[in-house]
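Now for the letters of each chain:
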Amino acid sequence: AQTVTQSQPEMSVQEAETVTLSCTYDTSESDYYLFWYKQPPSRQMILVIRQEAYKQQNATENRFSVNFQKAAKSFSLKISDSQLGDAAMYFCAYRSPYAGGTSYGKLTFGQGTILTVHP
Amino acid sequence: GAVVSQHPSWVICKSGTSVKIECRSLDFQATTMFWYRQFPKQSLMLMATSNEGSKATYEQGVEKDKFLINHASLTLSTLTVTSAHPEDSSFYICSAPPLDRGRDGFGSGTRLTVV
Numbered sequence: 001a002q003t004v005t006q007s008q009p010e011m012s013v014q015e016a017e018t019v020t021l022s023c024t025y026d027t028s029e030s031d032y033y034l035f036w037y038k039q040p041p042s043r044q045m046i047l048v049i050r051q052e053a054y055k056q057q058n059a060t061e062n063r064f065s066v067n068f069q070k071a072a073k074s075f076s077l078k079i080s081d082s083q084l085g086d087a088a089m090y091f092c093a094y095r096s097p098y099a100g101g102t103s104y105g106k107l108t109f110g111q112g113t114i115l116t117v118h119p
Numbered sequence: 001g002a003v004v005s006q007h008p009s010w011v012i013c014k015s016g017t018s019v020k021i022e023c024r025s026l027d028f029q030a031t032t033m034f035w036y037r038q039f040p041k042q043s044l045m046l047m048a049t050s051n052e053g054s055k056a057t058y059e060q061g062v063e064k065d066k067f068l069i070n071h072a073s074l075t076l077s078t079l080t081v082t083s084a085h086p087e088d089s090s091f092y093i094c095s096a097p098p099l100d101r102g103r104d105g106f107g108s109g110t111r112l113t114v115v
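These protein sequence lines map, in sequence, to chains P and S. All letters in the first sequence, in the order written, are residues 1 to 119 by the numbering used here. All letters in the second sequence, in the order written, are residues 1 to 115 by the numbering used here.
Here chain S stands alone, though its shape is the one from the complex:
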């Protein structure tokens, strides 16, 4: 259980463009999903919590207008990096806690490079 699919696994985009990252729970319904950002050899930093049917909750310091999160259904959450800049280049990971409050499901991550 707790299988999460994340796409794309890597993406290169030009500065100023937008990029969408998808996170799907495959074998369970996720009312909540979490989006993390990770720089090389550093920890995972929570960016925002995605809630199905309501607005996302952003951590302090995360720009809501830059990192748009949509939780369209119980199995899909998306993160859109708008007007991307080189400093947005990073590794983005999603996760979803299953309803039994047990094992979290992690996506395989997306390596974003903005050139």
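Chain P extracted, bound-state conformation:
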């Protein structure tokens, strides 16, 4: 079974600064998807960024970028120019590729990292 580990329960950053959230995972699969989700106080899950394992290029979405190290099974999220609205709980998630049956699309989440942004 796949596991996802976020070793930073809490992180803080000053507004406009950069912060990196860590994530490691364990899998025996060669093809998979990795995600970072944001969960603000409203608790709505918001997709921040997605990475396909077969792509070597790191995904970027505006101020958000990832450092995907497939061999090391590491998938960190960098938030640049942090804003007050970035404060939330962030989850790293793993998704198996389609395999039919009950494993299709199943997401495995890490423990989460609470990010605080100081003005």
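Just so you know, the hints here were simulated from the structure itself, not pulled from any lab data. Just so you know, these numbers come straight off a predicted model, no measurement behind them. All C-beta atoms, glycine included, are put in the ideal place defined by N, C-alpha and C. Treat the hints with caution; some may be incorrect.
To be verified - Think about it this way: if two alpha-carbon atoms lie no more than 25 angstroms apart in a straight line, the pair counts; the simulated DSS-like pairs of lysine-lysine are:
#1 K106(P) / K20(S)
#2 K73(P) / K55(P)
#3 K106(P) / K73(P)
#4 K106(P) / K70(P)
#5 K55(P) / K70(P)
#6 K64(S) / K20(S)
#7 K55(S) / K106(P)
#8 K20(S) / K55(S)
#9 K55(P) / K106(P)
#10 K14(S) / K66(S)
#11 K41(S) / K78(P)
#12 K14(S) / K106(P)
#13 K14(S) / K64(S)
#14 K66(S) / K55(S)
#15 K64(S) / K106(P)
#16 K41(S) / K106(P)
#17 K66(S) / K20(S)
#18 K78(P) / K55(P)
Unchecked claim - Listing some non-contacts, in silico: residues in chain P with all C-beta distances to chain S over 10 angstroms:
#19 E15
#20 A16
#21 T27
#22 N58
#23 T60
#24 E61
#25 N62
#26 S65
#27 N67
#28 A71
#29 K78
#30 D81
#31 L84
#32 A87
With chain P's structure known, arrange chain S on it following the hints.
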């Protein structure tokens, strides 16, 4: 795309009663839906996978008779918490993977309080 509607957003019920939570995919058909449970400041834990036209698949440790799941159509899955007890109080979230295997659609969650 990938819009999922979940209702109710919050519910308070008495111990021993049952509560039904609905999850609808609004702009796509979902043959599969997932139900998660989340305690405060903790991760989302998968409870079960709902499959349209067949029985749900439950994760280890989840009581099938307590958490009844029905996937009545390609756009609706329901989770019924039967004989609820205070320890069932939690935040329940549904999600549906779209057929293009891309973006998952998450419901807005249901906060259940059993008194």
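Hints versus structure:
{"no.": "1", "hint": "K106(P) / K20(S)", "result": "holds (23 angstroms)"}
{"no.": "2", "hint": "K73(P) / K55(P)", "result": "holds (14 angstroms)"}
{"no.": "3", "hint": "K106(P) / K73(P)", "result": "holds (19 angstroms)"}
{"no.": "4", "hint": "K106(P) / K70(P)", "result": "holds (20 angstroms)"}
{"no.": "5", "hint": "K55(P) / K70(P)", "result": "holds (10 angstroms)"}
{"no.": "6", "hint": "K64(S) / K20(S)", "result": "holds (15 angstroms)"}
{"no.": "7", "hint": "K55(S) / K106(P)", "result": "holds (16 angstroms)"}
{"no.": "8", "hint": "K20(S) / K55(S)", "result": "holds (17 angstroms)"}
{"no.": "9", "hint": "K55(P) / K106(P)", "result": "holds (20 angstroms)"}
{"no.": "10", "hint": "K14(S) / K66(S)", "result": "holds (15 angstroms)"}
{"no.": "11", "hint": "K41(S) / K78(P)", "result": "holds (21 angstroms)"}
{"no.": "12", "hint": "K14(S) / K106(P)", "result": "violated (32 angstroms)"}
{"no.": "13", "hint": "K14(S) / K64(S)", "result": "holds (21 angstroms)"}
{"no.": "14", "hint": "K66(S) / K55(S)", "result": "holds (15 angstroms)"}
{"no.": "15", "hint": "K64(S) / K106(P)", "result": "holds (19 angstroms)"}
{"no.": "16", "hint": "K41(S) / K106(P)", "result": "holds (21 angstroms)"}
{"no.": "17", "hint": "K66(S) / K20(S)", "result": "holds (12 angstroms)"}
{"no.": "18", "hint": "K78(P) / K55(P)", "result": "holds (18 angstroms)"}
{"no.": "19", "hint": "E15", "result": "holds (23 angstroms)"}
{"no.": "20", "hint": "A16", "result": "holds (26 angstroms)"}
{"no.": "21", "hint": "T27", "result": "holds (16 angstroms)"}
{"no.": "22", "hint": "N58", "result": "holds (18 angstroms)"}
{"no.": "23", "hint": "T60", "result": "holds (17 angstroms)"}
{"no.": "24", "hint": "E61", "result": "holds (13 angstroms)"}
{"no.": "25", "hint": "N62", "result": "holds (17 angstroms)"}
{"no.": "26", "hint": "S65", "result": "holds (19 angstroms)"}
{"no.": "27", "hint": "N67", "result": "holds (22 angstroms)"}
{"no.": "28", "hint": "A71", "result": "holds (24 angstroms)"}
{"no.": "29", "hint": "K78", "result": "holds (21 angstroms)"}
{"no.": "30", "hint": "D81", "result": "holds (25 angstroms)"}
{"no.": "31", "hint": "L84", "result": "holds (20 angstroms)"}
{"no.": "32", "hint": "A87", "result": "holds (14 angstroms)"}
Violation of the numbered hints given earlier is confined to hint 12; every other hint is satisfied by the structure.
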